[in-house]
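Between the sequences and the hints, there should be enough to build the whole structure, so can you do that?
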Amino acid sequence: MPRLASLCVASMLVAAALPGCESPGPSTSPANGKLEHARPLPRSTGDPAGSIRLVMNDPTGRATPVDRCEVEVCTSLLALIEGAQTSIDFAVYGVRNQSELLAALEAAKARGVRVRAVVDRDVDGDNYYSSTNAMAATLGQVRDDRKVDQALEREQKASDRANKYAAEPACGRPDGFAGYVQCLSYDLGDRCLLATHASREPFSASEDDGDTGKVFNKIMHHKFFVVDGRYLWTGSTNVSDSGTGGYNANLVVVLDSPTVASWYTREFETMWVDGKFHQRKPESGELRTTVGDAEVQVLFSPQDKAISNGVRPLLARAKTRIDIAVFFLTNKAITKDLLDAHRRGVEVRVILDATAATNGYTKHELLREVGIPVKVDAWGGKMHMKSAAIDNEYVIAGSMNWTSAGEWDNDENTLLIKSPALAAEYHQVFDQMWAEIPEQWATRNPDPESRDSGSSCTDGFDNDYDGLADAEDPGCGPNPPPMLALPPHWIVPKDKITCQHPPRG
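So the sequence shown is residues -17 to -1, 1 to 488, counted in mature numbering (1 follows the signal peptide of the UniProt record, and there is no 0).
Hints were generated in silico from the structure; no laboratory data involved. Please read these numbers as outputs of a predicted model, since none were measured by experiment. Beta carbons: idealized from backbone N, C-alpha and C, even for Gly. Warning: the hint list may mix true and false statements.
Once the Cα atoms are required to be at most 27 Å apart in a straight line, the calculated DSS-like pairs of lysine-lysine come out as [unchecked claim]:
{"hint": "1", "residue 1": "Lys264", "residue 2": "Lys130"}
{"hint": "2", "residue 1": "Lys477", "residue 2": "Lys315"}
{"hint": "3", "residue 1": "Lys140", "residue 2": "Lys302"}
{"hint": "4", "residue 1": "Lys130", "residue 2": "Lys140"}
If you anchor each label on the Cβ, the simulated ranges turn out as follows [what the hints assert, rightly or not]:
{"hint": "5", "residue 1": "Ser291", "residue 2": "Val353", "range": "19 to 25 Å"}
{"hint": "6", "residue 1": "Ser70", "residue 2": "Asn292", "range": "28 to 34 Å"}
{"hint": "7", "residue 1": "Arg326", "residue 2": "Pro464", "range": "34 to 40 Å"}
{"hint": "8", "residue 1": "Ser291", "residue 2": "Ala153", "range": "21 to 27 Å"}
{"hint": "9", "residue 1": "Gly29", "residue 2": "Asp158", "range": "53 to 59 Å"}
{"hint": "10", "residue 1": "Asp374", "residue 2": "Gly172", "range": "20 to 26 Å"}
{"hint": "11", "residue 1": "Pro464", "residue 2": "Gly172", "range": "35 to 41 Å"}
{"hint": "12", "residue 1": "Pro356", "residue 2": "Asn292", "range": "24 to 30 Å"}
Here's what the structure looks like:
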């Protein structure tokens, strides 16, 4: 069983046009001229002889993204590719650098392995990552979601959905915030927690930051490889110098399971063969099985509503402990679940990314307000996991950010794993990362591009997505500016107000 790869920096802007990509849509078999379609799932009684393992990349001490495959989130993937005998199907957000992985894919194709890929493209055909074009031109069998994005954009422009974001909110707009306003209220028993959240810009430029009103920003956000119809590599790690290069904190799940691999093959072929992405994909049905000693459930987004049907029910049943490591935390329903868990005595801890902590829809300050410990990472790279462990029994993993876009728009996968052994492993790594983050970042938020954030001033990357990197960014200068304030929130006694949305003014 091979090794593994790690991490990814989130995408917020688009880059170069991509030649050499085949358009999505049903393909024609050269043998009989008939349309091919995604294959139905086989019956399964589970994979008792299979295996499942977690690979968690802690980036502490790593100084910069690299074009080398030296951390386990990468080496595990490289081993799978090098050992492939018949087929490699993969869906990735994009590719940047990672020469060893790309060379291994080319070598697999040269020795007769069928290699097919799906990547993200926006309505203009652009992909955020700089090596995606070259990879597509070399491998040839690469398709994308551009045509579906264009069709959905036309449909939404013809509808009145955008009017939702133009209307003035019932609770009033916070000063300095021009985006769509969330009017939030949470019942704390004898008190109400009220907030008005919004982005500073009318439409946020972030990759996947929740209810921002960025109506047409649907992305193919998967990061999975299926090898020989048996092995699966999936999780939060992009194929990039910051992801598989090890600069970001990521989690990968590696499985030897024909059953689970078949589920991902069907998801892949729904996109690659049928040309269906985003809301065009059909519901998956219930996907549950056993792999070795673990119970595994998989939900694909957006068709299976992974937050509503997977993440939230586990949080609602938590009895003792919830450890969460995520890139974004903007989902207001998950926030309610965490507040409720805290009220019933569950120990809740959250590690959040520093860039995400500047987002106008982030909910971490609300959690802190009621006493839930939240630490914001102070690495140079990103906290890019989308994960949790619950009650020393369950692990949540996958590609889906805990946002409304992850639930409703993007192509994602989420695994719910019942395994005390894997949960214990997760809790152990979480404890290690928690201890490594200085205590000051349990009450404050570090500037993601500053000397507060590890090597962010010398890594060559624009870590806060303001168009400036390293010494060019004011945060790395001799007199860094103060962090911008987040939208307001209040705790009000129930005898003064009902727990409804905040009043105007």
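A quick look at each hint next to the structure:
This hinted pair checks out: Lys264 and Lys130 have alpha carbons roughly 14 Å apart, not beyond 27 Å. Between Lys477 and Lys315 the CA atoms are separated by roughly 21 Å; this keeps the pair inside 27 Å, and the hint holds. With a C-alpha separation of about 45 Å, the suggested pairing of Lys140 with Lys302 is violated against the 27 Å cut-off. Of the supplied pair hints, the one linking Lys130 and Lys140 holds, its CA atoms being roughly 15 Å apart against a limit of 27 Å.
In this structure, Ser291 and Val353 meet the distance hint of 19 to 25 Å, their C-beta atoms being roughly 23 Å apart. For the pair Ser70 and Asn292, the beta carbons lie near 30 Å from each other, so the given range of 28 to 34 Å is met. Checked against the given bound of 34 to 40 Å, the beta carbons of Arg326 and Pro464, roughly 37 Å apart, stay inside it. Evaluation of the 21 to 27 Å hint for Ser291 and Ala153 yields a pass: the beta carbon distance comes to about 24 Å.
About 56 Å separates the C-beta atoms of Gly29 and Asp158, a value consistent with the hinted range of 53 to 59 Å. Separation of Asp374 from Gly172 is about 23 Å and conforms to the stated range, judged on CB atoms against 20 to 26 Å. In this structure, Pro464 and Gly172 meet the distance hint of 35 to 41 Å, their C-beta atoms being roughly 39 Å apart. Taking the beta carbon of each, Pro356 and Asn292 are about 28 Å apart, inside 24 to 30 Å as hinted.
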